[in-house]
Amino acid sequence: MENATRRDFVKTLGICLVAVGIPRPLTALAAARAHGPVSFDATEWRCVEAICADIIPADQDPGATEGNCTNFIDKALSAEDSLALPLYRDALAAIDGLCLKAHGRVFADLAAPDRAHVLNEMAQGTLAGWTETLARPQDFFATVRFHTLLGFISDPKYGGNDNYVGWKLMGFPGPMHEVGGVSPEQMLGQKPVVPIWEVPGHAEHNKH
Amino acid sequence: MASPRQETFDVCVIGTGAGGGVMLDELTRAGMSVVALERGPHLGPADFMEHDELSNIIRGTGFAPDLKETLRGAEGETAVPQRHTLLGQCVGGSNVHWGAMAWRLRPDDFNVLSHDGPVAGASLADWPVDAAEMAPWYDKAEAAYGVSGGAVHNALQPGGRYPNPPHPPRSGSHVFEQGVRKLGYTPFQIPLAVNSRAYGGRATCTNSGMCVMFGCPVHAKASPLSVGVPRAQATGRLDLRPQSLVHELVVDEAGRIKAARYLDAKGQQNEVRARQFVLAGGSLGSAHLLLMSRSGRFANGLANGSDLVGRNLMQHVLPAVYYRHEAVTRGWLGPLAGQAIDDLHDSDVARGFVRGAVITESYPSTPVVYASSAGALWGTALKDYLRQFPHVHGLIAIGEDLPVQGNRVDLDPVHRDQHGLPVWRITHAYHPNDLKLRDYYEQKMTAIAAAAGAERSWPVDMTQGSSGHLMGTCRMGNNPETSVLDRWCRSHEVENLWVVDGSCFPTSGGYNPTLTIVANAYRVADHFVREARRLNLR
Chain A
1 MENATRRDFV KTLGICLVAV GIPRPLTALA AARAHGPVSF DATEWRCVEA
51 ICADIIPADQ DPGATEGNCT NFIDKALSAE DSLALPLYRD ALAAIDGLCL
101 KAHGRVFADL AAPDRAHVLN EMAQGTLAGW TETLARPQDF FATVRFHTLL
151 GFISDPKYGG NDNYVGWKLM GFPGPMHEVG GVSPEQMLGQ KPVVPIWEVP
201 GHAEHNKH
Chain B
1001 MASPRQETFD VCVIGTGAGG GVMLDELTRA GMSVVALERG PHLGPADFME
1051 HDELSNIIRG TGFAPDLKET LRGAEGETAV PQRHTLLGQC VGGSNVHWGA
1101 MAWRLRPDDF NVLSHDGPVA GASLADWPVD AAEMAPWYDK AEAAYGVSGG
1151 AVHNALQPGG RYPNPPHPPR SGSHVFEQGV RKLGYTPFQI PLAVNSRAYG
1201 GRATCTNSGM CVMFGCPVHA KASPLSVGVP RAQATGRLDL RPQSLVHELV
1251 VDEAGRIKAA RYLDAKGQQN EVRARQFVLA GGSLGSAHLL LMSRSGRFAN
1301 GLANGSDLVG RNLMQHVLPA VYYRHEAVTR GWLGPLAGQA IDDLHDSDVA
1351 RGFVRGAVIT ESYPSTPVVY ASSAGALWGT ALKDYLRQFP HVHGLIAIGE
1401 DLPVQGNRVD LDPVHRDQHG LPVWRITHAY HPNDLKLRDY YEQKMTAIAA
1451 AAGAERSWPV DMTQGSSGHL MGTCRMGNNP ETSVLDRWCR SHEVENLWVV
1501 DGSCFPTSGG YNPTLTIVAN AYRVADHFVR EARRLNLR
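Line by line, the protein sequences are chains A and B. Quick note: the first sequence, position 15, residue 15 per our numbering, numbers continuous. Quick note: the second sequence, position 67, residue 1067 per our numbering, numbers continuous.
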């Protein structure tokens, strides 16, 4: 499997990690959060959601679905990562197409072992029936993997990490400087740290 | 097109980072009129409150939204657009989002060529200054930046305590301490330019873990933004112009710089005149501007008779290891006030390479940075990797890399930025010595992890191939044929040009460079002011 680092992500998308001449990203994404899908249609959304759910599955803790990673990706593709939207469109169509051919169902409707098989092959670059020409299967996989990860653990204002499930999983309490920081006793674990989502009166982070 | 503000300033400072920030502070204090042109915006606490990992680390939009770079490994290759550096382009520069580790270079860091001899393929050179000359300027830099710590960090720097007491210990540091002591090393707290108490009119640290790559919303972390710029503004002699992108230095018939041309926030042309010009755009920015400033007299770029402008770009080599341990790190709280060891730093050719590195704790402190080390994991394996975050400790070595002539920044022949200016092209490949150094320290850090009781350890690339330590592109030296600047960071060829940032370093040293940039700037500023008073400067 290729080492899907941030740098590879950049190479894969062929973009520099700069805003693509859009309004300030924080604003654009925060505004987008109030709306439905802006990049994906219903079929594409289902496919992405199913892929994300396998990349970060639910187990005893919530996963990508609960974190709303698909929403993060949907909004990112309308903003900073808009250069990757054609890749997603084509790749999702290719994936559903080859699943229909092989199993008579789209990706999201496959049984779990079949989905795992498709993703494994995609990650290794050996996926039969890949018709996408903008990227190799392993490049698309690396892209959607990293997007899922970002969607799971980025600040919720970007549309993912819903209910802070990503930060809760990791034990990260959120941006403590927004609530005046912590004390030396808290740093040593002698007193508990109140995570941002439990801070009373912290409006932005108290939505859930 | 001349600016409506027609006055000729005493000094024009271009770039307000670690070097420029000191110059504009010291020169206004000495009574000079200073115009400071900074390409980035004047960010402040309100902006920093909004920053997060996506904006600052992944997308780079927090501090350098317009930055375009191209990158290649060697001459002859075609450079591709890629964000390589972790620069801050704002008032205060990259010095705003640094981790604040504040080191003095060791005595032999200033005379590597004499100490270790030439190395094939590298362009080693001695600095034109030594540790004894630098010592009082380090004192001044540490005082200005409120460096915190215990006894000064190694026996090579005699006497003295830091201006600020040490920060409270980290909850995971005892693991590192026990491990290194088992191996016979001596841990000490990393000297940190972050207030451990109220100091210098600035607040004490509030211990949010979002520190490196973030601006400090309470100004506890030292930078020109929190130290030099406010002081300079208080004198009334500083004309600070953010969002002013200098693209050319204009030379008169006598070969002196008469004006700096810049684009303002609206993209309009402006010009400012000054008697003296201090370039402080960083190793990439300063060289890039000199190369863009061609003329009849300077066909190869301003002040570039040596053909060395842009060359010898260094960025350190940064091996790192993560390890899992049952002790919780709480690395997501507090500044980078962990522990370090310098026992393995001494250059020793018997190890198979020259030069060395300091080793410091570097636990992952924020989610995306940590998760970026997960390689290609997905599924349950990725989830488990995320889940173990509280137990992941980290180590990094700041490895001295060797200067190589072919490692350079120049003007990309194809790619232009949104103003039509050539994008800077970075050519870089590590010297074999750098790779041997990297492998050695990776082994040593793995051994430290084992001694500390790690359940498992693994090497990581914390920089993801990019760099925040940029040095060397306008090296200082006594010989105009083998250097760009003299011992005072003044151009050998252009009498009113000074370059006061990390580009003056002939070699990179095995420590984060910022305190040395600040100390050197104080040294240069002192000389500059003395020269002005003797009326040697026109």
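Since the hints were made in silico from the structure, they are not lab data. One or more of the hints may lead you astray.
Which bits of chain B does chain A cover? Going by a derived footprint, with three or more residues having C-beta under 8 Å, they are [stated by the list, open to error]:
#: 1; segment: 1057-1064
#: 2; segment: 1164-1173
#: 3; segment: 1238-1251
#: 4; segment: 1376-1390
#: 5; segment: 1421-1431
Just so it is clear, the structure is predicted and the values come from calculations on it, not from any experiment. Cβ atoms here follow ideal geometry from the backbone N, Cα and C, with glycine treated the same way.
Here's how the hints hold up against the structure:
1. 1057-1064: Satisfied; 4 residues make the cut.
2. 1164-1173: holds (count 4)
3. 1238-1251: violated (count 0)
4. 1376-1390: Holds, because 10 residues of the segment 1376-1390 of chain B bring their Cβ atoms closer than 8 Å to Cβ atoms of chain A.
5. 1421-1431: violated (count 0)
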